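Can you build the whole structure from these sequences, using the hints too?
Count the sequence shown with mature numbering (1 follows the signal peptide of the UniProt record, and there is no 0) and you get residues -19 to -1, 1 to 103, in order.
Hints listed in this document are in silico derivations from the structure and should not be mistaken for laboratory results. Keep in mind it's a predicted model, so treat the numbers as computed, not measured. For each residue, glycine too, the CB sits at the ideal point set by N, CA and C. It cannot be assumed that every hint is accurate.
Pairwise CB distance ranges (calculated) [to be verified]:
#, residue 1, residue 2, range
1, L47, D84, 25 to 35 Å
2, G83, Y31, 18 to 28 Å
3, F64, E12, 35 to 45 Å
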Amino acid sequence: MMLSCSAVVVALLLSQVRGFLGPSEDDNVPEDWVLLHVVQGHIGAGNYSYLRLNHDGRIILHMQSLKGDADLYVSDKTLRPSFDTYKLQSVTCGQDVVVVPGDFARPVVPCQRVSVLDETTL
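Here it is in structure tokens:
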């Protein structure tokens, strides 16, 4: 889907908890989670935005599309994951969540495709 320029907000949190953040639990973030990173920017139509994560432990990437429908692809093998070269993905409409296990090789590289979104990652 071709979309106009997009704003990207990425917030990464490291979770030492075993629970999974569900869509209805957004406001109940456990106190022992740590905010790792926030990124804001624009993504043009048909383009990707990449982020490299070297943090240890379990990471939850949580993205909410505000306009359009961004998809989230994650890899520990390639620095440029896409819709055909990824290890983990979330391609739902609206809210996307990817749980990166603690034993996933580092660096972890998530990427997003075109959209205006608000991303909170745990």
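Hint by hint, here is what the structure shows:
| no. | hint | verdict |
| --- | --- | --- |
| 1 | L47 to D84: 25 to 35 Å | holds, 33 Å |
| 2 | G83 to Y31: 18 to 28 Å | holds, 22 Å |
| 3 | F64 to E12: 35 to 45 Å | holds, 36 Å |
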